[in-house]
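Asker: If you read the sequences in order, they're chains A and B. Going by my numbering, the letters in the first sequence line up with residues 1 to 321, in that order. Going by my numbering, the letters in the second sequence line up with residues 1001 to 1321, in that order.
A few of these clues could be false.
[Said to hold, decoys possible] Taking lysine-lysine and the DSS-like style, the derived pairs with C-alpha atoms no more than 30 angstroms apart in a straight line are:
no.	chain 1	residue 1	chain 2	residue 2
1	B	Lys1100	B	Lys1004
2	B	Lys1260	A	Lys188
3	A	Lys188	A	Lys249
4	B	Lys1060	B	Lys1007
5	B	Lys1188	B	Lys1004
6	A	Lys7	A	Lys132
7	A	Lys249	B	Lys1188
8	B	Lys1007	A	Lys306
9	A	Lys7	A	Lys304
10	B	Lys1260	A	Lys304
11	B	Lys1197	A	Lys30
12	B	Lys1304	A	Lys249
13	A	Lys304	B	Lys1004
14	B	Lys1188	B	Lys1030
15	A	Lys260	A	Lys4
16	B	Lys1132	A	Lys260
17	B	Lys1249	A	Lys192
18	A	Lys306	B	Lys1197
19	A	Lys252	B	Lys1249
20	B	Lys1260	B	Lys1306
21	B	Lys1306	A	Lys260
22	B	Lys1083	B	Lys1004
23	A	Lys83	A	Lys60
24	A	Lys306	B	Lys1129
25	A	Lys30	B	Lys1132
26	A	Lys306	B	Lys1252
27	A	Lys306	B	Lys1030
28	A	Lys304	B	Lys1132
29	B	Lys1030	B	Lys1252
30	B	Lys1306	A	Lys249
31	A	Lys100	A	Lys197
32	B	Lys1304	A	Lys188
33	B	Lys1296	B	Lys1007
34	B	Lys1306	A	Lys7
35	B	Lys1296	A	Lys249
36	B	Lys1306	A	Lys83
No wet-lab data here; the hints were simulated from the structure. Computed from a predicted structure; not experimentally measured.
Protein chains: 2
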Amino acid sequence: MFRKELKVLDCTIRDGGLINNYQFSLDFVKAVWRATCDAGVDIVELGKKLTESDEYTRDKYGAWNFCDDDDLRRVIDSHECEKPPLVAVMYDVGRVDIHKLQPRDQSPIDMVRIACYVHQIDAGLELVKCCKDLGYLTTMNIMAASAAIETELVEGLQEVDQTTELDYLYLVDSFGAFYSEQVTYYLKLYQKYAPSKELGFHAHNNQQLAFSNTQQAIIDGVNLLDATINGIGRGAGNCNLELLLNFLKNPKFHVRPIYKVIQEDFVPLREQIEWGFNDIYGISGHLNQHPRDGMKVRGNPELKDKCYDFYLESLRLEGGD
Amino acid sequence: MFRKELKVLDCTIRDGGLINNYQFSLDFVKAVWRATCDAGVDIVELGKKLTESDEYTRDKYGAWNFCDDDDLRRVIDSHECEKPPLVAVMYDVGRVDIHKLQPRDQSPIDMVRIACYVHQIDAGLELVKCCKDLGYLTTMNIMAASAAIETELVEGLQEVDQTTELDYLYLVDSFGAFYSEQVTYYLKLYQKYAPSKELGFHAHNNQQLAFSNTQQAIIDGVNLLDATINGIGRGAGNCNLELLLNFLKNPKFHVRPIYKVIQEDFVPLREQIEWGFNDIYGISGHLNQHPRDGMKVRGNPELKDKCYDFYLESLRLEGGD
């Protein structure tokens, strides 16, 4: 599959940080930056940009939950690169202080991605406008679309469509619940109600479909694709960047540096933290459930492989009025 | 996805046996039989049917490489089931003695699946005719279609089309090399040159696409689908039966017994033998290579996670004239 317009966004540090509370070492983040630079990835998301407070401290929540300009510069300046990727950070609606954001020309950040639920779209669009005023590229990542009431989603999409300050609108399969037919269905909905927007897609691998659903999104016209090195990410993880680059066949991409950083930095990390498909996440994806219960089970050595018990319990909980 | 005609064939024991030399205990095979019966699976393949010889002994090659009638009966009779699945075995062209096969009405076997490479299609069709004469349902599983020269494949398909004794023709992605677009391409080829045949599909999970490619095969008109419990199978394994049953939504299928047997019998087995996606198989699938080199690497504790070295070595080997 080759299409000139296709862009790849690596969110290894941002989505991977969800499973280790953003406690990546500076060296690890530099290694990811180097690999994604050399691989020709278009955009690299280096973390979230929360506001520090007495409760939310860097020590407890990790440097990459805050993405201070100095930290970002230490990473970016660590590797010479002819055409470096754009740098993205994620804003969580309700947990950011827009007044702390410098204008783009004084910041190492190029793109701000606004993550919100359907009921937060209005608040998210306010942030989009502020970020655009400061010169940033903007995305809106509407989370958990699979669990949204469709009329509310449609209303939100129409507002999104009116917001000229937004560059990309994301379909996000937060629960890893989509089959390819749902990817197509939702993308058609997004195209119908937000026709002015370029689309992005962010998958999760609960049912071993993150990579194939990303392919489906390409077929359906999406031009901005999220992926992570080795599929790292919350729960079952994301679309594997290395598989995606193999698929895209665009000569601007090089997969070799990705396999190198996997061998050198991700294999040791896999000894410390877990991500990727397993039976538990397969069930939560199938049942369109938030991965938090599955993650709790996977964190308990007594329960982590008891997929039958988890299945029965999930059905029982689903059985309520 | 619901379509009345869709049938599921579980090949847990047959494809799984490739990674433990068919050394499953009788209790394990009974557990798989019980689970697939209770799950409503249409056909269960319990092994290969090679011919015993001084070289090929049951002790060395495992009972399920031979599928003696007595062994099969011990399994089948171990569980009461209102509508038991049909029983299949696999024939490898060149390694069987057709004269040892009893007529179907004197045997526990219902279906014989003939596995062959493109250059063996003629020999395979001879076996198909013999099996049909004895009353069996027959399939031809043309292996490694992704590595075949297309003109030879087309010639073979035309012969297949003329063979009225054949019930099902299989597209087999032996190397896990297909994206969904190749699944569609090959299925169109099969439909064009063997239009009289009902089609089957057998996937491998090298690129995390076994399940999604099986869905694509359904979309493209395939009605017989291979899968294995927990995705067990050679190298990266197969399409996970539990994911497939979740997807099919046909009320004749029940996924619960599959999750039960995973928890009780497959989780302990995973401590002993390995299957499923990893970086090494991702590379061999992408490069359309036989999994044997990858399996060798995965069997070596020093090399098993050195995906970068494996990638470079695979490219080097590919680089020859």
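Asker: Please go over all the hints and tell whether each is borne out by the structure.
Answerer: Quick rundown of the hints versus the structure:
For the hint linking Lys1100(B) to Lys1004(B), the alpha-carbon distance of about 36 angstroms lies beyond 30 angstroms, and the restraint is violated. Distance hint between Lys1260(B) and Lys188(A) is unfulfilled; the C-alpha atoms sit about 38 angstroms from each other, more than 30 angstroms. Restraint check for Lys188(A) and Lys249(A): satisfied, since their Cα atoms lie roughly 26 angstroms apart, inside the 30 angstroms limit. For a cut-off of 30 angstroms, the pair hint linking Lys1060(B) to Lys1007(B) is broken: about 34 angstroms separates their Cα positions.
Using a Cα cut-off of 30 angstroms, the hinted pair Lys1188(B) and Lys1004(B) holds, with the two alpha carbons roughly 22 angstroms apart. Straight-line distance between C-alpha atoms of Lys7(A) and Lys132(A) comes to about 20 angstroms, which keeps the hinted pair within the 30 angstroms bound. Of the supplied pair hints, the one linking Lys249(A) and Lys1188(B) holds, its CA atoms being roughly 24 angstroms apart against a limit of 30 angstroms. Pair hint Lys1007(B) plus Lys306(A) holds up; C-alpha atoms about 28 angstroms apart against a cutoff of 30 angstroms.
Simply put, Lys7(A) and Lys304(A) have alpha-carbon atoms about 37 angstroms apart, too far for the 30 angstroms limit, and the pair is violated. Straight-line distance between C-alpha atoms of Lys1260(B) and Lys304(A) comes to about 14 angstroms, which keeps the hinted pair within the 30 angstroms bound. Taking the CA atoms of Lys1197(B) and Lys30(A), the gap is near 55 angstroms; set against the 30 angstroms cutoff, the hint is violated. The suggested pairing of Lys1304(B) with Lys249(A) holds, with an alpha-carbon distance near 26 angstroms, which does not exceed 30 angstroms.
Between Lys304(A) and Lys1004(B) the CA atoms are separated by roughly 36 angstroms; this puts the pair beyond 30 angstroms, and the hint is violated. Between the alpha carbons of Lys1188(B) and Lys1030(B) the distance comes to roughly 38 angstroms, so the proposed pair goes past 30 angstroms and is violated. Of the supplied pair hints, the one linking Lys260(A) and Lys4(A) holds, its CA atoms being roughly 26 angstroms apart against a limit of 30 angstroms. Proximity of Lys1132(B) to Lys260(A) is assessed by CA-CA distance (about 52 angstroms); at most 30 angstroms being required, the pair is judged violated.
Proposed proximity of Lys1249(B) and Lys192(A) is supported: the alpha carbons are some 29 angstroms apart, at most 30 angstroms. Taken as a hint, the Lys306(A) and Lys1197(B) pair is broken in the structure, with Cα atoms around 42 angstroms apart against an allowance of 30 angstroms. For the hint linking Lys252(A) to Lys1249(B), the alpha-carbon distance of about 42 angstroms lies beyond 30 angstroms, and the restraint is violated. Between Lys1260(B) and Lys1306(B), the direct Cα distance comes to roughly 34 angstroms. Violation of the 30 angstroms bound is thereby established for this hinted pair.
For the hint pairing Lys1306(B) with Lys260(A), the CA-to-CA distance comes to about 9 angstroms; that is within 30 angstroms, so the pair holds. Distance restraint check for Lys1083(B) and Lys1004(B): the Cα-Cα separation of roughly 17 angstroms lies within the 30 angstroms cut-off, and the hinted pair is therefore satisfied. Annotation: proposed proximity of Lys83(A) to Lys60(A) is violated, straight-line Cα distance about 34 angstroms (limit 30 angstroms). For a cut-off of 30 angstroms, the pair hint linking Lys306(A) to Lys1129(B) is broken: about 46 angstroms separates their Cα positions.
Taking the CA atoms of Lys30(A) and Lys1132(B), the gap is near 63 angstroms; set against the 30 angstroms cutoff, the hint is violated. At most 30 angstroms may separate the alpha-carbon atoms for a hinted pair to count; Lys306(A) and Lys1252(B) meet this at roughly 25 angstroms. The suggested pairing of Lys306(A) with Lys1030(B) holds, with an alpha-carbon distance near 21 angstroms, which does not exceed 30 angstroms. Of the supplied pair hints, the one linking Lys304(A) and Lys1132(B) is violated, its CA atoms being roughly 47 angstroms apart against a limit of 30 angstroms.
Note on Lys1030(B) and Lys1252(B): the hinted pairing holds, with a Cα-Cα distance of about 21 angstroms set against a maximum of 30 angstroms. Taking the CA atoms of Lys1306(B) and Lys249(A), the gap is near 23 angstroms; set against the 30 angstroms cutoff, the hint holds. Distance check on the hinted pair: Lys100(A) and Lys197(A) sit about 28 angstroms apart at the alpha-carbon level, within 30 angstroms; holds. Pair hint Lys1304(B) plus Lys188(A) does not hold up; C-alpha atoms about 42 angstroms apart against a cutoff of 30 angstroms.
A threshold of 30 angstroms between alpha carbons decides the hint, and for Lys1296(B) with Lys1007(B) the separation of about 34 angstroms lies outside it, so the pair is violated. Annotation: proposed proximity of Lys1306(B) to Lys7(A) holds, straight-line Cα distance about 28 angstroms (limit 30 angstroms). About 28 angstroms separates the Cα atoms of Lys1296(B) and Lys249(A), which keeps this hinted pair within 30 angstroms; it holds. This hinted pair checks out: Lys1306(B) and Lys83(A) have alpha carbons roughly 29 angstroms apart, not beyond 30 angstroms.
Comparing the model with each earlier hint shows violations of hints 1, 2, 4, 9, 11, 13, 14, 16, 18, 19, 20, 23, 24, 25, 28, 32, 33; every other hint is respected.
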